[in-house]
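*Asks:* So the chains spell out like this:
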Amino acid sequence: MSAVLRADGLSKRFGGLKAVDNVSLTLDEGRILGLIGPNGAGKSTCFSMLAGSTSPTAGRVFLGDREITGLPAFRAARGGVVRTHQIVRPFANLTIFENAVVAAVQCSGLDHAGARALARETLEFAGLAARRNEYPAGLTLAGRKRLEMARALACAPKVLLLDEVIAGVNPAEAQEMVTLILRIRDERKVSIIMTEHVMAAVMRLCERVVVLDAGKLIAAGEPKEIVQNPEVIAAYLGKKHA
Amino acid sequence: MKLPLPPWVRPRALIALLATCAALALGPLLHSDVYIHNLLTLTFIGIAAALAWNWLGGYLGQVSFGHAAMFGLGGFVAAKAEISMGMPMVFAWCFGGVIAGLYALVWGHPTLRLRGPYFSIATIGVGEATRLVGTYWDWLTGGSSGTSLPMHPNLKFTLYWYALALAAVAMAASYALRRSSLGLALLAIKSDVDAASDVGVSSTRLQDLVLFLSGAMIGVCGASYGSYFSYIEPGDMFGFDRSISWVLMGVIGGIGTIAGPALGAIIFVLLRQYLIASYPQLYLGLYGILLVLVILFEPLGLTGLSLRVLRRARPDLIVSGSET
Chain A
1 MSAVLRADGL
11 SKRFGGLKAV
21 DNVSLTLDEG
31 RILGLIGPNG
41 AGKSTCFSML
51 AGSTSPTAGR
61 VFLGDREITG
71 LPAFRAARGG
81 VVRTHQIVRP
91 FANLTIFENA
101 VVAAVQCSGL
111 DHAGARALAR
121 ETLEFAGLAA
131 RRNEYPAGLT
141 LAGRKRLEMA
151 RALACAPKVL
161 LLDEVIAGVN
171 PAEAQEMVTL
181 ILRIRDERKV
191 SIIMTEHVMA
201 AVMRLCERVV
211 VLDAGKLIAA
221 GEPKEIVQNP
231 EVIAAYLGKK
241 HA
Chain B
243 MKLPLPPWVR
253 PRALIALLAT
263 CAALALGPLL
273 HSDVYIHNLL
283 TLTFIGIAAA
293 LAWNWLGGYL
303 GQVSFGHAAM
313 FGLGGFVAAK
323 AEISMGMPMV
333 FAWCFGGVIA
343 GLYALVWGHP
353 TLRLRGPYFS
363 IATIGVGEAT
373 RLVGTYWDWL
383 TGGSSGTSLP
393 MHPNLKFTLY
403 WYALALAAVA
413 MAASYALRRS
423 SLGLALLAIK
433 SDVDAASDVG
443 VSSTRLQDLV
453 LFLSGAMIGV
463 CGASYGSYFS
473 YIEPGDMFGF
483 DRSISWVLMG
493 VIGGIGTIAG
503 PALGAIIFVL
513 LRQYLIASYP
523 QLYLGLYGIL
533 LVLVILFEPL
543 GLTGLSLRVL
553 RRARPDLIVS
563 GSET
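Sequence order for the protein chains is A and B.
Counting from 1, one number per residue, gives the positions in the first sequence under our numbering.
Counting from 243, one number per residue, gives the positions in the second sequence under our numbering.
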C-alpha cells in the first residue's frame with residue numbers, strides 16, 4: 001500500500017491563534033480517511049492547506065513523491081488534489097453541465113469535445129444527468145452537494161477532499177451519498193479524505209480516522225477504537241464523560 | 243465543404259457576422275449621405291468600445307468606471323507615434339492599443355483582487371488620476387490645448403471601413419471569449435473566484451488576460467477616434483462621462499451577453515445624437531431614467547427583453563441550457 005497524499009507537521013497560525021498545530025497524516029491509495037473533531041478543531045483549515053487554498057505556516061504536503069506545499073489552489077487541483085466546500089459553492093450563472101465542463105476543461109487537459117464527454121459522463125455517475133441543462137438554484141441541498149462532488153470529480157482527481165458532504169441532508173439522501181462515496185472510491189479509483197459530523201457515515205465509510213481537537217491531532221486509528229478513546233470522548237463531550 | 247472551425251463556433255453566427263459586415267461595407271457605395279456615413283462610423287467605434295468594456299465588466303463582472311484612461315492613452319500614444327515617429331496610421335493604432343493594454347495591467351493587476359463595488363470605486367480613482375496626469379503631461383497630450391493629427395483628404399470617408407473592421411474584430415473576439423471554453427472559466431470566476439480556483443481555473447492569469455485585451459481594444463478605439471476627429475484633447479478623451487457611456491451601453495444592451503453591448507452602443511450613439519441636437523439639457527436625465535428602467539425590469543437589457551419575446555413566440559426554440 002503506497003501513500004498517495006502525505007502531510008508532515010502541518011501548522012497554521014492566524015496571528016496568535018494556532019488553528020492547526022503540527023498535524024501529520026497519510027492517505028493510502030484507494031482508502032477513505034476520516035478527519036473528525038468538534039467544531040473549530042481545524043478540519044477545514046487542514047483541508048485548505050492540503051488543497052492549496054491556504055498556505056501552511058509550517059509543514060509540508062506531498063502528493064505521491066511530488067511536494068505540493070504552498071502551490072496555488074488551481075495548480076493543486078490540476079495536479080490531482082481537489083476539494084469540495086462544506087457550504088456548497090456552485091457557479092450559479094452556469095448550468096449544471098457547464099459547472100462540470102469548467103472543471104473538466106481546466107484540470108483534465110482534454111480538448112473541447114473530450115472535456116465535454118468527461119463532464120457528461122461524470123454527471124451521469126453522480127446521478128445528475130437528467131438535470132444537466134438546469135441551473136444549480138433548482139437543486140435541493142443534497143442535489144447541490146452532489147453537484148459539488150461531480151464538479152470535483154470532473155477534475156479527474158487522484159485525491160478528493162470531501163468537506164461535510166453528508167451533514168444537513170435527510171436520512172435517505174445521506175444513504176445515497178454514502179453509496180456515491182463508496183462508488184467514487186471503487187469505480188473511480190479515487191482516494192478520499194472526508195470530514196464529517198455524521199458518525200454513522202464515518203463508521204461505515206472510513207478505514208481509518210484521525211481526530212483533531214483545538215488544532216492538535218489527538219488520536220488516530222480504526223473508527224471502532226476511536227469512538228472508545230477517552231481523549232476523543234473528552235474532546236466532544238467534556239472530561240466528565242470520558 | 244467543411245471549414246476547419248473550432249467546435250464552439252456556430253456556423254450561423256459566423257455567417258450572420260460576415261453578412262452584416264458585407265452589407266455595411268457596401269452601404270457607402272450605394273448612398274452619399276455624409277451625415278449617415280459619419281454617424282455610422284462613430285457607432286462602429288462605440289460598438290467596439292462597448293464590447294471591449296463588456297469583456298471585463300460583463301464576462302468577469304468587474305465593472306470599470308475608468309476605461310476612458312485607456313481610451314485616452316491609446317489615442318494620445320497613437321497620435322504621438324504618428325506625428326513624431328511617422329508611424330503609419332494602423333500601426334500607430336495598434337501601438338497605442340498595446341500601450342493602453344499594458345497600462346491597464348499596471349493598475350489592474352493589483353486592483354483586480356478587489357471585487358464588485360470595491361473594484362469599481364478603484365477604477366474611478368484610476369480614471370480621474372489618469373485624466374489629471376494626462377492634462378498635465380503636455381509633451382504627450384498637448385495639455386489643455388490638445389493635439390492635432392495629420393489630415394488627409396478622404397481620410398474621414400475611408401475611416402468608415404476601418405471602424406467597421408474594428409467593430410467586426412471586437413464582435414468576433416466577444417464571441418470567441420464567451421463561447422470557447424475560456425468563456426465558462428470567466429463566468430466561473432465571476433460567480434466565485436475561490437471555488438473557480440479550486441477546480442483548476444487560474445483566476446489571476448485569466449483576469450489579467452481579459453483586462454489586457456479589454457484595455458488594448460479600448461486603446462485602439464481611442465486611437466481611431468483621434469484619427470477620425472483629427473483633434474483630441476485630454477479633458478474629452480479621458481472624461482469620466484466617456485467611461486460612464488460604456489457602462490450605459492453595456493447595461494442598456496445586456497451586461498455579460500455576447501452581442502448586447504453592441505446593441506446598446508447603437509441605441510446610445512443614435513439617441514445621443516438626436517437628444518443633443520434637440521434637448522441638450524435633457525439627455526443625461528433621459529439616460530438616467532432608461533438605466534433605472536432597465537435595472538428594475540430587465541437586468542439583461544435589450545437582450546433579455548428580446549429573449550423574453552422570442553421565448554413567448556417560439557417556446558420550442560429556446561431551452562434553458564446551452565449544451566450543443
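Derived by calculation from the structure, the hints in this document are not laboratory data.
Remember, predicted model here, so these are calculated numbers, not experimental data.
Any given hint could turn out to be false.
[As the list claims (entries may be wrong)] Covered stretches of chain B (in silico footprint by chain A; criterion: 3 or more residues with CB under 8 Å from a CB of chain A, positions within the stretch not fixed): (1) 248 to 262; (2) 427 to 438; (3) 443 to 451.
[Unchecked claim] To give a feel for the contact side, a few chain B residues facing chain A, derived at Cβ under 10 Å: (4) 422; (5) 423; (6) 498; (7) 546.
[Unchecked claim] Computed from the model, here is a short list of chain A residues facing chain B with C-beta under 8 Å: (8) 14; (9) 94; (10) 98.
Think of the CB as a built atom: it goes at the ideal place given N, C-alpha and C, for glycine as much as any other residue.
*Asks:* Hints first: check each against the structure and report whether it holds.
*Replies:* Checked hints:
1. 248 to 262: holds (count 3)
2. 427 to 438: Result for this restraint: holds, n = 9.
3. 443 to 451: holds (count 3)
4. 422: 8 Å, holds
5. 423: 4 Å, holds
6. 498: Because about 8 Å separates residue 498 of chain B from the closest Cβ in chain A, which is inside the 10 Å limit, the hint holds.
7. 546: 14 Å, violated
8. 14: Because about 17 Å separates residue 14 of chain A from the closest Cβ in chain B, which is outside the 8 Å limit, the hint is violated.
9. 94: 6 Å, holds
10. 98: Residue 98 of chain A check passes; min Cβ-Cβ to chain B is 5 Å, inside 8 Å.
Of the numbered hints given earlier, the model fails hints 7, 8; all others are met.
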